[in-house]
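*Asks:* Listed here are the chains, written in short residue letters.
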Amino acid sequence: MRLTRFKAATAAVLLTASLAACGDAGDDSDSGREVEADENAAENFEDGTRMKELADAGKITIGVKFDQPGIGFKGAADDTPRGLDPEMGKILAASLGIDSGDIVWKETISDNREPFLQEGEVDLVIASYSITDERRQVVGQAGPYYVTGQQLLVGADSDIAGIEDIKGQEVCSVTGSTSLENVKAEGAKPRGFDTYSECVDQVLDGTVDAMTTDGAILLGYAAENPDELKVVGEPFSEERYGIGYAKDRPEMCGWINETLTKAFDEGDWEEAFDVTLGESGVDAPEQPTLDECAA
Amino acid sequence: MEAVFSNFDEYLKAFGLTLGLFVVSGLASLVFGLFLASLRVGPVGIMRKAAAVYVTVFRNTPLLMIFIFMAVAMPKLGYNFKFIEDFEIAGYSVSAFFFRSCLALTLYTSAFVAEAFRSGVNAVPVGQAEAGRAIGLTFTQSMRYVVLPQALRAVVPPLTSVQVALIKNTSVAAAFGMAEAVATMRAFNNDNADQRIQIFLLFAIGYILIVEVVSLASYALERRWKVA
Numbered sequence: 068m069r070l071t072r073f074k075a076a077t078a079a080v081l082l083t084a085s086l087a088a089c090g091d092a093g094d095d096s097d098s099g100r101e102v103e104a105d106e107n108a109a110e111n112f113e114d115g116t117r118m119k120e121l122a123d124a125g126k127i128t129i130g131v132k133f134d135q136p137g138i139g140f141k142g143a144a145d146d147t148p149r150g151l152d153p154e155m156g157k158i159l160a161a162s163l164g165i166d167s168g169d170i171v172w173k174e175t176i177s178d179n180r181e182p183f184l185q186e187g188e189v190d191l192v193i194a195s196y197s198i199t200d201e202r203r204q205v206v207g208q209a210g211p212y213y214v215t216g217q218q219l220l221v222g223a224d225s226d227i228a229g230i231e232d233i234k235g236q237e238v239c240s241v242t243g244s245t246s247l248e249n250v251k252a253e254g255a256k257p258r259g260f261d262t263y264s265e266c267v268d269q270v271l272d273g274t275v276d277a278m279t280t281d282g283a284i285l286l287g288y289a290a291e292n293p294d295e296l297k298v299v300g301e302p303f304s305e306e307r308y309g310i311g312y313a314k315d316r317p318e319m320c321g322w323i324n325e326t327l328t329k330a331f332d333e334g335d336w337e338e339a340f341d342v343t344l345g346e347s348g349v350d351a352p353e354q355p356t357l358d359e360c361a362a
Numbered sequence: 753m754e755a756v757f758s759n760f761d762e763y764l765k766a767f768g769l770t771l772g773l774f775v776v777s778g779l780a781s782l783v784f785g786l787f788l789a790s791l792r793v794g795p796v797g798i799m800r801k802a803a804a805v806y807v808t809v810f811r812n813t814p815l816l817m818i819f820i821f822m823a824v825a826m827p828k829l830g831y832n833f834k835f836i837e838d839f840e841i842a843g844y845s846v847s848a849f850f851f852r853s854c855l856a857l858t859l860y861t862s863a864f865v866a867e868a869f870r871s872g873v874n875a876v877p878v879g880q881a882e883a884g885r886a887i888g889l890t891f892t893q894s895m896r897y898v899v900l901p902q903a904l905r906a907v908v909p910p911l912t913s914v915q916v917a918l919i920k921n922t923s924v925a926a927a928f929g930m931a932e933a934v935a936t937m938r939a940f941n942n943d944n945a946d947q948r949i950q951i952f953l954l955f956a957i958g959y960i961l962i963v964e965v966v967s968l969a970s971y972a973l974e975r976r977w978k979v980a
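Chains as they are written, first to last, in the numbering used here: chain A, 68 to 362; chain B, 753 to 980.
Derived from the structure by calculation, the hints contain no laboratory data.
All values reported here derive from a predicted model rather than from experimental measurement.
Please note that the accuracy of each hint is not assured.
As the list claims (entries may be wrong) - Pairwise CB distance ranges, derived in the manner of DEER restraints:
1. A/292 to B/976: 56 to 66 Å
2. A/248 to B/809: 33 to 43 Å
3. B/968 to A/115: 53 to 63 Å
4. A/292 to B/836: 26 to 36 Å
5. A/328 to B/812: 49 to 59 Å
6. A/273 to B/882: 22 to 32 Å
7. B/821 to A/314: 38 to 48 Å
8. A/321 to B/762: 37 to 47 Å
9. A/200 to B/965: 51 to 61 Å
10. B/760 to A/355: 30 to 40 Å
11. B/762 to A/314: 52 to 62 Å
12. B/836 to A/169: 52 to 62 Å
13. B/968 to A/321: 33 to 43 Å
14. B/757 to A/168: 28 to 38 Å
By construction, the Cβ of each residue, glycine as well, lies at the ideal position given by its N, Cα and C atoms.
Bound-form chain A, shown alone (with noise of 0.2 Å):
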């Protein structure tokens, strides 16, 4: 008789559990641009290659970020990531035959990218992933598809203007980070957290006096908060965005380059910064100038 009335308790929530899970299904109107898949793609690669393969199989993994507004963000009820990096991964995506629904988004953070490459996790981390020779040591990295630099991002009424004005301050960012690193190196007090959302809340809370990172995630955040954050300073770093793949999967470089080539002359590259970063009011720049792939 008890179990009965469990059993049937049990059903009650789980029956409540998936019909509030349906009344979300149909919220998702700001989940960004569709892009087309190319037909038949899989007869534009070798055998052999990891696109090929890809194209094959219909589905891709790609690491992206699930904090940063307008570069890469997931709320805890969307059912797939917005923002520009999941824009650029659907237009690779879209150049193997695959499409934006068929695209498996995966959470990565700043320390696990590299791993996830290496393991195989992801077949392409695309996750304000900036490009550095250290880690083309280890994975591969093509690009960069855009170009941004560390500012500061405080509170509306702060006295703080610009990278002259941190020594002494606390400033915080993702730990680890290279902003975190940057702005030791200019004085400030370091404050790493684990999440920029995190950073964030500290600054409204006046926790920290400013937090640091590329000025795209920071525009973001700003754009969300208007009347209580701004960003400031000229930007005092170049990052190169790039788009990770595995260091042994060299072909995938040439693809990648290929692809971004034709989102910048097509106008699809200029399309996603414009429903992205460009919300909030912000042109697109000019198109970066593409690396070469090593030979």
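Start from chain A and add chain B according to the hints.
*Replies:* Just chain B, lined up with the frame of chain A:
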């Protein structure tokens, strides 16, 4: 390797902060934990209950959640502990971030310290406390002169375990504004993705060294206090 050795001062500074967190929280948790344990074995019913509730709550809550509460939720409620930076001793002042981290670590570890002490007190035969009472000692006196000296002997091994756990738990502070060992390791990894394994090993060795020193000290105490 060279990534760490060419920035060895960073490495030492990181472990310095780790040690700072450990020493401050370790001492504070010993004091507060001993106080809690005394309440739990003491004669006042309401105090016994209160201490038991504290131990239950803090021992059963993950440390990460306590950190989130101290470092993320408290500032939202208006308590960011910035006032602590006003106290300056010989030109040095403790940052609010350090204080919040130590607070979280202490509140958590004290619950375990209290239980370790209680196990030590339970190891002392009841007759001892009764004898103390029989010769007219108060509760505090019989704790101070009869029970605790004997309990201390039994309590060294479990207390060591608790403190060793604390050393490693300081790493949680990495995600809450402290540039301690793990945070610094991530910084090294970020710049030198090609040397991950070496960097990881060097930082693991740092922790092992600290833990070994604490363990050796505890063995020495154990030997010294052993009843012949």
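*Asks:* With reference to the structure, classify each hint as holding or not holding.
*Replies:* Verification of the supplied hints:
1. A/292 to B/976: 56 to 66 Å: With a Cβ separation near 60 Å, residue 292 of chain A and residue 976 of chain B satisfy 56 to 66 Å, so the hint holds.
2. A/248 to B/809: 33 to 43 Å: holds (38 Å)
3. B/968 to A/115: 53 to 63 Å: Because 58 Å falls inside the window, the suggested range holds.
4. A/292 to B/836: 26 to 36 Å: Hint holds: Cβ distance 28 Å, inside 26 to 36 Å.
5. A/328 to B/812: 49 to 59 Å: holds (57 Å)
6. A/273 to B/882: 22 to 32 Å: Violated, since residue 273 of chain A and residue 882 of chain B (Cβ atoms, about 57 Å apart) do not stay within the stated range.
7. B/821 to A/314: 38 to 48 Å: Once the Cβ atoms are compared, 42 Å apart, the range 38 to 48 Å for residue 314 of chain A and residue 821 of chain B holds.
8. A/321 to B/762: 37 to 47 Å: holds (39 Å)
9. A/200 to B/965: 51 to 61 Å: violated (39 Å)
10. B/760 to A/355: 30 to 40 Å: Holds, since residue 760 of chain B and residue 355 of chain A (Cβ atoms, about 37 Å apart) stay within the stated range.
11. B/762 to A/314: 52 to 62 Å: violated (28 Å)
12. B/836 to A/169: 52 to 62 Å: holds (53 Å)
13. B/968 to A/321: 33 to 43 Å: At roughly 58 Å between Cβ atoms, residue 321 of chain A and residue 968 of chain B fall outside 33 to 43 Å, so the hint is violated.
14. B/757 to A/168: 28 to 38 Å: violated (49 Å)
This entry does not satisfy hints 6, 9, 11, 13 and 14, going by the numbered hints stated previously.
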